[in-house]
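J.: Single-letter residue listing:
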Amino acid sequence: QAGLTQPPSVSNVLRQTATLTCTGNSNNVGYQGAAWLQQHQGHPPKLLFYRNNNRPSGISERFSASRSGNTASLTITGLQPGDEADYFCSAWDTSLRVWVFGGGTKLTVL
Amino acid sequence: EVQLVESGGGLVQPGGSLIVACAASGFTFSTYAMSWVRQAPGKGLEWVSVITGGSATTYYADSVKGRFTISRDNSKNTVYLQMNSLRAEDTAVYYCAKDSDGITGEFDYWGQGTLVTVSS
Numbered sequence: 001q002a003g004l005t006q007p008p009s010v011s012n013v014l015r016q017t018a019t020l021t022c023t024g025n026s027n028n029v030g031y032q033g034a035a036w037l038q039q040h041q042g043h044p045p046k047l048l049f050y051r052n053n054n055r056p057s058g059i060s061e062r063f064s065a066s067r068s069g070n071t072a073s074l075t076i077t078g079l080q081p082g083d084e085a086d087y088f089c090s091a092w093d094t095s096l097r098v099w100v101f102g103g104g105t106k107l108t109v110l
Numbered sequence: 111e112v113q114l115v116e117s118g119g120g121l122v123q124p125g126g127s128l129i130v131a132c133a134a135s136g137f138t139f140s141t142y143a144m145s146w147v148r149q150a151p152g153k154g155l156e157w158v159s160v161i162t163g164g165s166a167t168t169y170y171a172d173s174v175k176g177r178f179t180i181s182r183d184n185s186k187n188t189v190y191l192q193m194n195s196l197r198a199e200d201t202a203v204y205y206c207a208k209d210s211d212g213i214t215g216e217f218d219y220w221g222q223g224t225l226v227t228v229s230s
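Each protein sequence line maps, in turn, to chains S and U. The numbering of the first sequence is my numbering, which starts it at 1 and goes up by one. The numbering of the second sequence is my numbering, which starts it at 111 and goes up by one.
Since the hints were made in silico from the structure, they are not lab data. Just so you know, not all the hints are guaranteed correct.
As the list claims (entries may be wrong) - When the alpha-carbon atoms are kept at most 16 Å apart in a straight line, the in silico EDC-like pairs for lysine to aspartate or glutamate are as follows: (1) S:LYS106 / S:GLU61; (2) S:LYS106 / S:GLU84; (3) S:LYS46 / U:GLU156; (4) S:LYS46 / U:ASP218; (5) U:LYS175 / U:GLU199; (6) U:LYS186 / U:GLU156; (7) U:LYS153 / U:GLU199; (8) S:LYS46 / S:GLU84; (9) S:LYS46 / S:ASP86; (10) S:LYS106 / S:ASP83; (11) U:LYS153 / S:ASP83; (12) S:LYS46 / U:GLU199.
Just need the whole structure built from these sequences, with the hints factored in.
T.: Take a look at the structure:
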């Protein structure tokens with residue numbers, strides 16, 4: 001079961017903006033969008049965005065999500081040291097009847 | 111407050127079996143699908159299985175189909191993962207996750223995970 005495609009790493013300077021991408025196909029990301037998860041080292045993942053690009057309560061407005069076709073994007077503005085983490089996208093594949101994850105992007109704040 | 115607490119992890123020999131459990135609280139357990147997601151050491155997340163609230167429907171990743179069985183006991187607010195014919199590549203932290211809606215809902219709450227190590 002092929003997963004979603006994410007760049008392995010992204011980095012940018014403190015207080016700048018980082019954009020992470022997640023590419024799938026018309027049966028998963030293109031079908032209902034992708035959810036985004038944040039995972040700090042040694043901790044379980046945490047939901048950042050629902051597939052409809054809404055934030056759960058408590059998630060900073062510095063984080064935003066969008067989708068264009070089969071590619072979902074996560075944008076983080078005003079980068080902070082605490083934003084350093086692994087970011088995963090996930091989507092339900094309506095054809096395969098499985099959940100698929102991206103390989104994850106490690107965000108480094110310089 | 112939603113809480114998910116996994117248990118049952120440990121060391122098991124290749125070919126062996128293990129059951130991991132996840133006790134849930136803080137929400138109406140029987141109305142939500144539940145999933146198991148695993149993470150091998152230093153690797154990304156891999157979805158394993160999902161079960162609907164009433165246990166009518168289950169799905170599995172190809173990597174575990176025929177070896178793992180997901181089940182739940184709504185009277186105990188607990189979801190289980192029975193793992194048979196374990197292989198070294200099954201070594202991972204196993205997380206249970208609550209689905210936000212039905213079987214295709216996002217994983218909106220996660221447990222702390224339980225480590226399963228398959229080794230001789």
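J.: What hints, given by number in increasing order, does this structure fail?
T.: 1, 6, 11 and 12
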